[in-house]
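Anchor point for the sequence shown: position 323 equals 334 in the numbering used here, and the numbering is continuous, going up by one each time.
In case anyone wonders, no lab produced these hints; they're calculated from the structure. Here a beta-carbon is modelled for each residue, glycine too, at the ideal position from N, C-alpha and C. Just to be clear, a hint being listed does not mean it is correct.
[Claimed, not checked] Only pairs whose alpha carbons sit at most 25 Å apart, straight line, appear in this in silico DMTMM-like list of lysine to aspartate or glutamate:
{"no.": "1", "residue 1": "K243", "residue 2": "E233"}
{"no.": "2", "residue 1": "K229", "residue 2": "D316"}
{"no.": "3", "residue 1": "K23", "residue 2": "D286"}
{"no.": "4", "residue 1": "K23", "residue 2": "D316"}
{"no.": "5", "residue 1": "K229", "residue 2": "D331"}
{"no.": "6", "residue 1": "K23", "residue 2": "E325"}
[Unchecked claim] For each label pair, taking beta carbons as the anchor points, the in silico distance ranges come out as:
{"no.": "7", "residue 1": "V454", "residue 2": "P202", "range": "46 to 56 Å"}
{"no.": "8", "residue 1": "F450", "residue 2": "G159", "range": "23 to 33 Å"}
{"no.": "9", "residue 1": "T367", "residue 2": "V25", "range": "16 to 26 Å"}
{"no.": "10", "residue 1": "R32", "residue 2": "G159", "range": "15 to 25 Å"}
{"no.": "11", "residue 1": "Y442", "residue 2": "F163", "range": "40 to 50 Å"}
{"no.": "12", "residue 1": "D115", "residue 2": "P202", "range": "46 to 56 Å"}
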Amino acid sequence: MLVGGILGSSSKLVERIVITRVLDPGVYGEVALGLSVLALSTTLTVLGLNQGIARYMSRFDDERDVRGLWLTGLVLAVGVSLVFTTLLLLNGRTIVGLIYDTPDSQALLNLFILAIPFNVGFYMAVGAIRGFENTIYRTYSQDLFYNGFRFFLIVALLVAGVGVMAVGYAYLAAAMATVVVAHFFLNRLLPLRGGVNLYPRRLLTFSIPLVLAAMVSKVLGEVDTLMLGYFKTNVVVGLYDPAYQLASGLPVILSSFGFLYLPLTSRLDSEKSYDEINEIYKVTTKWLFIAGFPLYLLFVSFPYDTVSLVFGAEYIGGSDALWLLATGFFVSAAVGRAQDTLAAIGYTRIILAVNTVAAVLNIVLNAVLIPAFGLMGAATATAISFVALNVIAFAVLWYTHGITPFSKWSVRAYVLLPGILIPTMVFVSQYLTLTVVVFPVVVVACVVSTVVVAALTGCLQAEDTIPLELIEDKLPITIPFVRRYIPEGNDEGESELTAQLDDSE
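Put together the whole structure using the sequences plus the hints.
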């Protein structure tokens, strides 16, 4: 699941790099706006039913019930998506007038709109596959086939000279093909032909709260792009989106701990072992900070060179947004996986409320800041919203259970890593330009210097072997270099945490 998620995120970034290398910022801005419309519309019209199917399926043993659950979700979601798609197509000229510079963009937007019901269709199949707890078929259909086939089509069509329409055709064709592929894999788990028992009311009741949470979360990720299109030009959107795609690599790294952290925390909550949760929270949060710091250090120290090297010199105008967005995402990491912990404890309504507050704040700040400051206004609004989201979630967690990320070791990391390394690397950046040859050397230097400074300044503790062992056991890999800097210890707290880890295997 982790590997699939990383593949999906990395393929999306590589896809954007290819597109920006062929299209100028104004034309790429049209693509970014179309993708935002597609993402928001898919999230809305899927109605949370894909998650509802995945979670509800385990309650049934009879194939007719399971098949009926899948069919109920498919018919409801695709039906709603077809109605919504029709409305968008009929009002396409109005939408283009609101967020695009010229009416000529309607043809591209229509392709993204037409992809909505097909996206919904394969989401439902993937949801059913997840319901069988089959991560392999999910990875094959969504992360490998959908992303891989779409990328192949984009490259082939761009090389053929199709231009900006290549992206729209690729997304539509890939979604259509993935509907077939995903249902082919689902048919291996459950014969799709046969008797059915339909459960529309149960499924909707179970799923509607999920779509609310998903929509709120998606708004945080897409509204800045759409509001930039409304208030500014497509060129500004085209400069902003590459910076956002790079900065969003930080949340991907930070979320990678979720597949380890959430199940363990859920089990500890069932045992009311909140002291152990508190200790694990402290250790994992510190390692979230340390693991993400090299990338953050690179973005803050070399924003112009990084954007120019990755996307091309035409996109350097979005470089300031890169360091600002990265700062917002990274500061959020300092308070840890508060939302995951609240979810494990069962505070789902609070999570929805906190996300709603952050989404509303994001919209208001974008409306105020974008007209005056353009893409820097959008970056500021997004950064503040993400920080507010995670700080509020942490405040709830601390108030209700006394769980905090702060220990003497983590505070040292929060203060000393940026205090020592950021001024040093910013100074170096004044005399060093990143090239294809220099870039990997600087990346390695950021990683090594982070580990060395963390070790020499007393940021590491004996319990730090625990997250390393979790990662090594689950992937499985061996993490080099780091373990030699972790001090040995026979602390009683370490023994208790190690015992909890052994029990979770």
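Checked hints:
no., hint, verdict
1, K243 - E233, "holds (15 Å)"
2, K229 - D316, "violated (30 Å)"
3, K23 - D286, "violated (39 Å)"
4, K23 - D316, "holds (21 Å)"
5, K229 - D331, "holds (24 Å)"
6, K23 - E325, "holds (20 Å)"
7, V454 - P202: 46 to 56 Å, "holds (49 Å)"
8, F450 - G159: 23 to 33 Å, "holds (26 Å)"
9, T367 - V25: 16 to 26 Å, "violated (33 Å)"
10, R32 - G159: 15 to 25 Å, "holds (19 Å)"
11, Y442 - F163: 40 to 50 Å, "holds (41 Å)"
12, D115 - P202: 46 to 56 Å, "holds (47 Å)"
The earlier numbered hints that this structure contradicts are 2, 3 and 9.
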